[in-house]
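Asker: As you go down the protein sequences, you meet chains F and E in turn. My numbering puts the first residue of the first sequence at 1, with every later residue one more than the last. My numbering puts the first residue of the second sequence at 1001, with every later residue one more than the last.
No lab work stands behind these hints, which were simulated from the structure alone. Backbone N, C-alpha and C fix where the C-beta goes; we use that ideal spot for every residue, glycine too. Worth double-checking, as some hints may not be accurate.
Unchecked claim - Result set (SDA-like, lysine to any residue): computed pairs, CA atoms no more than 20 Å apart in a straight line:
| # | chain 1 | residue 1 | chain 2 | residue 2 |
| --- | --- | --- | --- | --- |
| 1 | E | Lys1036 | F | Pro48 |
| 2 | F | Lys37 | E | Arg1021 |
| 3 | E | Lys1064 | E | Ile1005 |
| 4 | E | Lys1037 | F | Arg21 |
| 5 | E | Lys1064 | F | Val55 |
| 6 | F | Lys106 | E | Gly1182 |
| 7 | E | Lys1036 | F | Glu51 |
| 8 | E | Lys1064 | F | Glu51 |
| 9 | E | Lys1064 | F | Val50 |
| 10 | F | Lys64 | E | Val1055 |
| 11 | E | Lys1233 | F | Val55 |
| 12 | E | Lys1037 | E | Ala1224 |
Claimed, not checked - One-sided excerpt, in silico: chain F residues whose CB lies under 8 Å from chain E:
| # | residue |
| --- | --- |
| 13 | Asn15 |
| 14 | Ser19 |
| 15 | Lys37 |
Protein chains: 2
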Amino acid sequence: MAHRIVTAAVIIIGNEILSGRTQDTNLRDIAIALGKKGIRIAQARVVPDVEREIVATVNELRVKHDYVLTTGGIGPTHDDITAECIAKAFGVPLIEHPEIAALIRKREVPPHIMASRLRMALVPEGAGLIGNSTGGPPGFYKENVHVLAGIPAVMRAMLEALVPTLTGGDIVQSRSVTVYLGESAIAEPMRVLQVDYPDVDIGSYPFNRDGRFGTTLVARSTDAQRLDEVMTKLAQIIVEAGGTPEYA
Amino acid sequence: MAHRIVTAAVIIIGNEILSGRTQDTNLRDIAIALGKKGIRIAQARVVPDVEREIVATVNELRVKHDYVLTTGGIGPTHDDITAECIAKAFGVPLIEHPEIAALIRKREVPPHIMASRLRMALVPEGAGLIGNSTGGPPGFYKENVHVLAGIPAVMRAMLEALVPTLTGGDIVQSRSVTVYLGESAIAEPMRVLQVDYPDVDIGSYPFNRDGRFGTTLVARSTDAQRLDEVMTKLAQIIVEAGGTPEYA
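Go ahead and model the full structure; you've got the sequences and the hints to work with.
Answerer: Printed below as a string of structure tokens:
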């Protein structure tokens, strides 16, 4: 059986994330949506609103991964420089997209405001559009680089339009079991299990919930049967360590 | 007046962030704590639990920035590979740190569990320790690379111990004003203002709160007087556009 691994990189653009002013939530939403389609996020970067950083990051990652998704920097103000940066990364001019411009012109505003709003119609030459059901201007893509808004609700609307257009690979399935034992109590047999199942990614995530320490074990694989085997063995490991497996 | 710009990079290590299972909050906590000390986060990366990726990222960033901080991957299980990776990045052996080992040995557990727990005493040769007031094993640093836990409460405890030991630079001050106008209404005068004040970073962040659209303008600079001037001019811009400046 042929396996197809499809990867994406996410570039989160914005000083507000790096200064701590804003908590990013877009990465997680993108990871979940792409995961369901069989696209794995191989890495993510948070970069400032600085042209040379954005251009260099886009050009490094677009050749390494099947897809690149960016968030942020596509509004009408001076700090929204993503479209310009993508155009520079591809070495093409920035042009006014007639479809976006027509959408923006539908709403009547004074001329100086219209001039600013029309900045949102500028895309790299050759770009296609990504739908935006919130009614605002669309996102766009240039080759394998997909440019989404930073505002979470708008980002999610664009993501919903984008995902069906992407080609996914094998879907990674995930199963988990929780036990109220410390990680160390099960670390050694779990290590052996991971060696026996190199094709299943076994993760161990300790937590403290209402003052009780526990561990959630997560197994991820594209092969459901191997995943079932690992989950059965994890249950055995937990019971042998004196714990009780709990399934969400 | 001499200016000193001190930068850091953050490396968030963990498949669970890239799969969307876990929402990272550590980047924001680190950004706020370092910001108060005059250390700016220049970039952040999220990388999987893969040795070559971690080693390459650490080695790329530690020479570019004053500090590197990592989160995640320092527990007792097979997927905790950060200490090994830092040792490889610096080309030094991984050794058992006597102080951490003594702390771990204080709590009596069966031998096979102790063996797993002692994995948390392994640090790169020459590493120093980072305190952990939660009572668990400490973090560590090797040269300018500081290795913190992934669990947010433990990460914050280590960060609290770490920050006073770092050398900061000029502190970036931040002021903000909110207006219930769309960004486009003020985009053009704000662009002109940004040109006049290249040393002040002016950001515009649109939002939708309870169905009302608005924009928060954030000005950031190391120079309080220039910041005051920009805030006065932003208030004028808002009033001229028909809005009312609101201060948090």
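Asker: Each hint should be assessed against the structure and marked as holding or not.
Answerer: Against the structure, the hints come out as follows:
1. E:Lys1036 x F:Pro48: Satisfied, since the Cα-Cα distance of roughly 19 Å is no more than 20 Å.
2. F:Lys37 x E:Arg1021: 16 Å, holds
3. E:Lys1064 x E:Ile1005: With a Cα-Cα distance of about 13 Å, the restraint between Lys1064 (chain E) and Ile1005 (chain E) holds, given a limit of 20 Å.
4. E:Lys1037 x F:Arg21: 16 Å, holds
5. E:Lys1064 x F:Val55: Holds, at roughly 18 Å.
6. F:Lys106 x E:Gly1182: 16 Å, holds
7. E:Lys1036 x F:Glu51: 26 Å, violated
8. E:Lys1064 x F:Glu51: 18 Å, holds
9. E:Lys1064 x F:Val50: Satisfied, since the Cα-Cα distance of roughly 16 Å is no more than 20 Å.
10. F:Lys64 x E:Val1055: Since the Cα atoms of Lys64 (chain F) and Val1055 (chain E) sit roughly 18 Å apart, the hinted pair holds (cutoff 20 Å).
11. E:Lys1233 x F:Val55: Outside the cut-off at roughly 32 Å; violated.
12. E:Lys1037 x E:Ala1224: Judged against 20 Å, a Cα distance of about 16 Å means the pair holds.
13. Asn15: 6 Å, holds
14. Ser19: Ser19 (chain F) check passes; min Cβ-Cβ to chain E is 6 Å, inside 8 Å.
15. Lys37: It is violated, given that the least Cβ distance between Lys37 (chain F) and chain E is near 12 Å, above 8 Å.
The structure fails hints 7, 11 and 15 (numbered hints given earlier, in ascending order).
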